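There are 2 protein chains.
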Amino acid sequence: MESDIGFQAALEEARKGAAEGGVPIGACLVSADGKILGRGHNLRMQKGSPTIHAEIGALENAGRLPASAYQGATMYTTLSPCDMCTGACILYKVKRVVLGENKTFVGGEDYLKQRGIEVVNVNSAECEDLMKKFINEHPEEWNEDIGEE
Amino acid sequence: MESDIGFQAALEEARKGAAEGGVPIGACLVSADGKILGRGHNLRMQKGSPTIHAEIGALENAGRLPASAYQGATMYTTLSPCDMCTGACILYKVKRVVLGENKTFVGGEDYLKQRGIEVVNVNSAECEDLMKKFINEHPEEWNEDIGEE
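Heads up: the sequence lines are chains A and B, in that order. Throughout, the working numbering is defined as the position within the first sequence, counted from one, plus 6. Throughout, the working numbering is defined as the position within the second sequence, counted from one, plus 6.
The set of hints was computed from the structure by calculation and includes no laboratory data. Owing to the predicted nature of the structure, the values given are computational and were not obtained by experimental measurement. Just so you know, not all the hints are guaranteed correct.
Identical copies carry no separate label here, and so any pair may be met within one copy or between two of them.
List time: in silico DSS-like cross-link candidates among lysine-lysine, alpha-carbon distance up to 30 Å [stated by the list, open to error]:
1. K99 / K139
2. K53 / K109
3. K109 / K22
4. K99 / K53
5. K22 / K53
Excised from the complex, chain A in its bound form (with noise of 0.2 Å):
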């Protein structure tokens, strides 16, 4: 799943989120026969946005789309989806997400599974180290992401 290349496109709009002093989640969305749909990261530093999450971007830069493109395709994002994320996730009826890692944040997995969709942890070192690193130098930031405190 690592090597999978929407995992590899989700990590580096990770990186290019960190080189930007943003919220480092990156995310891609790719079809059932493996082609990438949009990906995206997290824009609330750089565009003052509570909503363009990376899954959402990755969404929103897909375009719209009938159903049907939805269908067997997978969501990647380096970091366990938040409700919102979750609930655009399960709106499309994507059939996976793939997420690099759920040490730093637990979202809606629980959820995504009852609606029907399949989680799988990559448990990824780097989106982890970018998320760490994140959290500790903006707490505030990171807590307003995720709407705490």
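With chain A's structure known, arrange chain B on it following the hints.
Same frame as chain A, but now just chain B:
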């Protein structure tokens, strides 16, 4: 509820969406002390956006806010919120969701309640009429918006 400034603003947004030829759903986020924080309407048709649903637009237009700003807040929306918008309300822990109607679509109301969010249905005839007209004239676009077919 129907006379609340928040509901009226959401309804104005839905009418604006209809006038633009878009999915006629509006939303408005109101703080605990009754101030409008942000408002928006579905922009699938207007901007080719799969993620700017009304509630996401209202949250986005409210901008970056600390978690405390959402405490006691109400999300007014003209239609029962889809899974993505349900998740967004849960992420930011709004206190209450007031929805215009749930006859043309039922979203995540039960899950909102499970997660401790109050849900009120206004049963607005105007909201229902706006949706019925759109669904009748644009069935494909409506199915696309809710990830169906």
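A quick look at each hint next to the structure:
For the homomeric pair K99 and K139, the shortest alpha-carbon distance between copies (26 Å) is at most 30 Å, but the shortest distance inside one copy (33 Å) is not. Proximity of K53 to K109 under the C-alpha cut-off of 30 Å is restricted to the intra-copy arrangement: shortest distance 27 Å within a copy versus 36 Å between copies. In this homomeric assembly, K109 and K22 come within 30 Å of each other (Cα to Cα) only inside a single copy, at 21 Å, whereas the closest approach across copies is 44 Å. Both within a single protomer and between protomers do K99 and K53 lie at most 30 Å apart by alpha-carbon distance, with minima of 28 Å and 22 Å respectively.
Proximity of K22 to K53 under the C-alpha cut-off of 30 Å is found in both arrangements, the shortest distances being 14 Å within a copy and 25 Å between copies.
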